[in-house]
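Asks: Since the structure of chain A is provided, determine the placement of chain B on it from the hints.
Heads up: the sequence lines are chains A and B, in that order. Take the first sequence: its position 72, counting from 1, is numbered 72 in our numbering, and each next residue is one higher. Take the second sequence: its position 177, counting from 1, is numbered 1177 in our numbering, and each next residue is one higher.
Some chain B residues close to chain A (C-beta under 7 Å, calculated; not the full set):
| hint | residue |
| --- | --- |
| 1 | Ala1144 |
| 2 | Tyr1159 |
| 3 | Phe1170 |
Estimated spans, in silico, between C-beta atoms of each pair:
| hint | chain 1 | residue 1 | chain 2 | residue 2 | range |
| --- | --- | --- | --- | --- | --- |
| 4 | A | Lys211 | B | Thr1055 | 23 to 31 Å |
| 5 | A | Glu171 | B | Tyr1181 | 30 to 38 Å |
| 6 | A | Ile207 | B | Arg1050 | 31 to 39 Å |
| 7 | B | Pro1022 | A | Leu139 | 54 to 62 Å |
| 8 | B | Ile1199 | A | Asn140 | 20 to 28 Å |
| 9 | B | Asp1060 | A | Thr210 | 13 to 21 Å |
| 10 | A | Phe203 | B | Leu1043 | 32 to 40 Å |
The following residues of chain B were derived to be distant from chain A, with all beta-carbon distances above 10 Å:
| hint | residue |
| --- | --- |
| 11 | Pro1026 |
| 12 | Ser1027 |
| 13 | Gln1056 |
| 14 | Ser1061 |
| 15 | Leu1094 |
| 16 | Ile1199 |
Treat the hints as calculated values from the structure; they're not laboratory data. By construction, the Cβ of each residue, glycine as well, lies at the ideal position given by its N, Cα and C atoms.
2 protein chains.
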Amino acid sequence: MSQESASFTPSHPYFPTLLSIPHFQPSELPTTHVLMILGGVALVILIFGRQISRTQSGLDSFATCWFLLCFFIHVFLEGYFVVFNKTLAGKKTLLADLWREYSLSDSRYLISDPFTVIMEGITAAIDGPLSLVVVIAILNRNFALRHLAQLSVSIAQLYGDVLYLLTNYFEAYAYTHPHPYYFWVYFVAMNLPWIILPIFFIFHSWISITKKINSIPNPSKIKSN
Amino acid sequence: MSQESASFTPSHPYFPTLLSIPHFQPSELPTTHVLMILGGVALVILIFGRQISRTQSGLDSFATCWFLLCFFIHVFLEGYFVVFNKTLAGKKTLLADLWREYSLSDSRYLISDPFTVIMEGITAAIDGPLSLVVVIAILNRNFALRHLAQLSVSIAQLYGDVLYLLTNYFEAYAYTHPHPYYFWVYFVAMNLPWIILPIFFIFHSWISITKKINSIPNPSKIKSN
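One chain only, chain A, in its complex shape (with noise of 0.2 Å):
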């Protein structure tokens, strides 16, 4: 290969290729590894979550594990993301391994993206307390907060995620790695939750409130009683 040709060989396994990541460090540790403990976590957080609802109805109860999850991967996962987007890509932690896996099917992680680390901004800020919130008051049966809470976040997870996918979309993936194992895996499978579930809770709690607040007898049919 003569030097000319060499260098064009990007310094990243980033798409596109072209993408200037002055100070990306290749991970230490292996990817299997950092996606073991990740799960590890996602399934102790699960297993809380269990615990924690199992007096709750059956859909309370998934209610609970899932605004759980939600909760920490909103705050300390993309929370990460936030505070430490512009030293991210040559960081030497399990997150920013985390997030350079994740990257592959999405490089505006690792170029301080303006969506990107607004949208995570928002969804770090706002949506990760507020799953909180929803879990908090699942336990304690508060149905109006729960309900409020729920779909507001339902609204902002949905809402961030639409935009998410399809900016990437609307550049035809140029920020994701072609191997159909970065577009389905990661930026399909693991975006997927985030719309469908927002969807199913928005409808839950609508559909509820609706119904709870249509179920209030009218004040004259109390008094006759």
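Replies: Structure of chain B alone, referenced to chain A:
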């Protein structure tokens, strides 16, 4: 001026000056006419909104006017942008004149910027019809539907506008003409209502729904009456 320096004269009045807007054609109608027609239409909508909500409370009448105006702006103005964004810069219509004028404060509207097109698409397709649902529910005194729709559309408006304002801010207002009029009147003043009023209506619906649900009498108490 030499031929070489003449080649740097931008072919349009937008920022950044090197932005490529190949099909740009200046508006034929004077700016004052365009703004007066828009202001006139807005005034007619507000008077109509006030008329149809005369028997409502002051706040509900205000909400009727606001969400009626939102419906028209989201569906017709912003919907027009979404449908014609690729050819908008050269179109000879009143709404294209309007977008060319507004684009002095944000040229992303003339280059089919992916985030802007998708955010406006959500606004036109979801926020617009939902605004009309709020108006209809207020007039029909459908408490649950009105507040659920009002809360949902306000969260979506706030999310979209915060992202819209901050993405330009993160790029140091590169898309905004440096004259203070375009920044303060178009970019700030024309967007601020979609920050302030959604926050107000989110709290209004949140508190209204909470009060209504917490007012539900305990069934055992009704029986004892």
